[in-house]
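Participant: From these two lone chains plus the hints, build me the complex, please.
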Amino acid sequence: MGFKPIAIFIFDLMDLTPIWLTLKLAAITTLVLLIIGLPLAYWLSKRRSIFKIVIEALITMPLVLPPSVLGFYLLLAFSPRHGIGQWLHDNFDLQLVFSFKGLVLASVIYSLPFMIGPIKSALQQLPKSFSEASYTLGYTEWQTFVNVLLPNIKASVWTAAILTFAHTLGEFGVVLMIGGNIPGVTRVASIAVYDSVENLDYHSANIYSLILFSITFVMVIAVFVFNKYKAKSPLE
Amino acid sequence: MIAIDIEKKLKAYRGQQVLKIDRQFPLGSITKIYGPSGTGKTTFLKAIAGLVQPEKGKIQFGDTVWLNTETRISLSPQKRKVGFVFQDYALFPNMTVLEHLQYASPNDSWIARLLRVGKLETFTDHKPEYLSGGQQQRLAILRALAIKPKLLLMDEPFSALDPEMRTTLIKELRAVWNEQGTTVMIVSHNPQELDGFTNQELYIES
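So the protein sequences, as listed, match chains A and B. Here this note's numbering is used: the first residue of the first sequence is 494, the next is one more, and so on. Here this note's numbering is used: the first residue of the second sequence is 1491, the next is one more, and so on.
Same shape as in the complex, but just chain B (with noise of 0.2 Å):
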């Protein structure tokens, strides 16, 4: 089970808002996260993700303790080691579609896999300008993936895909998830898309 009770203060034009959430999670759920813009979606993953600070909660991924506002314990991202897709992609424009993936895995064999399910292979050796936006969404998630997360993070990840692409790669990527036990949450502006899909669901709204 993944316990999240945290609160975090956003950004606001005018005066303050705050994004408050106390769910529980099965481990291996795929959920669907939606709301209205502005409403913390993007820094609930952040949050989880160690990436940004609430501050007041507690986040607990099955008996391991990665946040606990009371007692002072925050994990480093880095040890929390979630795989995050990000909305932006956060492609390295110095680094070729191979060179991102052995970034994050040094397994060929899981990375020739990869990009066979992101349907890359052609492209190994193209850098993140030479590629289309759904290439680059694509490759996005496969390099969350190579670290073998056991949560994944995923920010608006099919937004650049077409109905067909997406449909495939959405079957792949369940295939993969189911074999590695992996609990992922989604964050969409258009939740219609992951009907069928996701077995949880969280609104968030203002």
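In isolation and in its complexed conformation, chain A is listed as follows (with noise of 0.2 Å):
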């Protein structure tokens, strides 16, 4: 049995949709963060005040806080029963508790300081005086940022939206406590691998995890390529 037929026999008898699924989420969460993180890390890693300090410290909170905590918090603030969920719920008719809308949302929170670490760092590293030469020559501060800072950083933008992506498809805890585990809808693979031990069916968590090592290794490999060869700390 060649390469092909043994693939299509795997694929035949795994039911594959968490796998999309998880690619879908952190698809969907490195666009919506890349939005997002770029004039976040921007605004950031200029001048610092205590403002600033408390806006980084809750954005890094995700890095030192057990999953866990963060979906348990993520669960009760979207609860249909309760302040925001309830809202959300009454005026928009949108539960994000246990949907893949509330998926993403959880991911973007959890991934943020992924994707601002590398590019606030960047930021700050670019000396000042390429910021006022472009001032002097009549451009504004937007225009600054996107002809001569953007494209200067575009390795650690490159970094931190791989490491995004990966980071979010090993999510585990919070897509937990804030999607459950329903097929098809909230059932990534992480969740696929631990149901499948759960159920003793050890040759579809082996697949699941197998296509998680193969993608992220991948990934981390290219975050290396990224910033020429050179073992860097992911959030530098």
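Keep in mind the hints are simulated off the structure, nothing from the lab. Just so you know, even glycine gets a beta-carbon here, dropped at the ideal spot from N, CA and C. Fair warning: there could be bad hints in the mix.
Unchecked claim - Ranges between beta-carbon positions, derived for each pair:
(1) A:Leu569 <-> B:Ala1502: 47 to 53 Å
(2) B:Ala1502 <-> A:Pro573: 57 to 63 Å
(3) A:Phe585 <-> B:Ala1602: 56 to 62 Å
(4) A:Lys621 <-> B:Gln1592: 22 to 28 Å
(5) A:Glu634 <-> B:His1616: 25 to 31 Å
(6) B:Lys1617 <-> A:Val690: 49 to 55 Å
(7) A:Arg541 <-> B:Ala1502: 18 to 24 Å
(8) B:Lys1617 <-> A:Trp580: 49 to 55 Å
Unchecked claim - Derived DSBU-like pairs (lysine-lysine); straight-line CA-CA distance at most 30 Å:
(9) B:Lys1569 <-> A:Lys539
(10) A:Lys539 <-> B:Lys1548
(11) A:Lys621 <-> B:Lys1501
(12) A:Lys621 <-> B:Lys1546
(13) B:Lys1501 <-> A:Lys545
(14) B:Lys1571 <-> A:Lys539
(15) B:Lys1640 <-> A:Lys621
(16) B:Lys1546 <-> B:Lys1498
(17) A:Lys647 <-> A:Lys539
(18) B:Lys1510 <-> A:Lys539
(19) A:Lys621 <-> B:Lys1571
(20) A:Lys539 <-> B:Lys1617
(21) B:Lys1569 <-> B:Lys1501
(22) B:Lys1640 <-> B:Lys1661
(23) B:Lys1548 <-> B:Lys1571
(24) A:Lys621 <-> B:Lys1617
(25) A:Lys621 <-> B:Lys1548
(26) A:Lys647 <-> B:Lys1571
(27) A:Lys621 <-> B:Lys1609
(28) B:Lys1499 <-> A:Lys545
(29) A:Lys621 <-> A:Lys539
(30) A:Lys647 <-> B:Lys1617
(31) B:Lys1510 <-> B:Lys1640
(32) B:Lys1501 <-> A:Lys539
(33) B:Lys1548 <-> B:Lys1501
(34) B:Lys1498 <-> A:Lys539
(35) B:Lys1510 <-> B:Lys1499
(36) A:Lys621 <-> B:Lys1510
(37) B:Lys1661 <-> B:Lys1617
(38) B:Lys1638 <-> B:Lys1609
(39) B:Lys1638 <-> A:Lys621
(40) B:Lys1499 <-> A:Lys621
Facilitator: And the structure:
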């Protein structure tokens, strides 16, 4: 039996929905975080204030907080019986708990430091004179950001995007708390691995794990390539 | 006339130092600015360009008030449009020589002339990392000139040039400044290199 028939055999036997769901979640989270993260990192990279330090500490919290704690608070916040969750449900018929939208929101919050960290650090490492030179040539802050700063931190933006994507692939605690384990809706690959092991289905757990391992390994290699083969801390 | 009367606190390891300058500079003049390290020569240039804010003072260029802390007028660097040559050159690693000049000016014939002045015609597609220190410094000067500034501020602009290149470049630059009526201020740690070339001087002491 060649490689192709083996692959077809495995895919026929396996329910690959959790893998596709995970990839979809990681792609949407990365896109949302790129849109939010670039201006936020730029703002944080500029002169510090107590307010900025508090915001930065909040953004960093998912790095140090147990995911289950974050998931628990998000579960409370978005429960249709309380506060924001109730308001969203009553006014927009939007339910975030046990839904894919809720997973996206939780992932965005959980992966925020992975997007902000490398971009903010790269912006801080650029000489201040880059912006100053552009201003004296008549360009606004926004034009300077787009034409000068952003092209010169391209590698860090790619690194941040890849790390965010890879980190979202591996989420477990937060997604389990806010999304549960609904097949086709919130049952992402990491939960499928846990579920398979619980049911003593080690074959499925192995396949899911192997696919996740392969994807994340390629992503980490990409991070090193974008950083010109230099070993760098994910948060540099 | 450019009238400058400013006060700016300087960062110092111990105690506090204040930069105080009250001077007038004729339009079209070339001024050398010198003095010991850490006395605020670069800060002075940046205050004129609008890149740092003095705590107190006024800056007037001709009839236009650029800064008046009493009436809270402070034009942005974009509105002052001063040509500025940075000590670290501030060249953008993502842009080639030509792109640097095109970023500053849309005028192709003016860019071509500047490339000749700086002897960089054969390096147009080079990025800064592939230029020598002297070539980078020349590009920084050309980029500042590309916007045809009425006031050109230069922070150690000739430090990486050999004497022969410096003499040739200064001759070419003088021709451009005369033609454009540019007022020039040059900070130098080695004021002798500017002898016979400037007609005003400002010594900044601590």
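Participant: Under the constraints set out in the numbered hints, which ones does this structure not fulfil?
Facilitator: none
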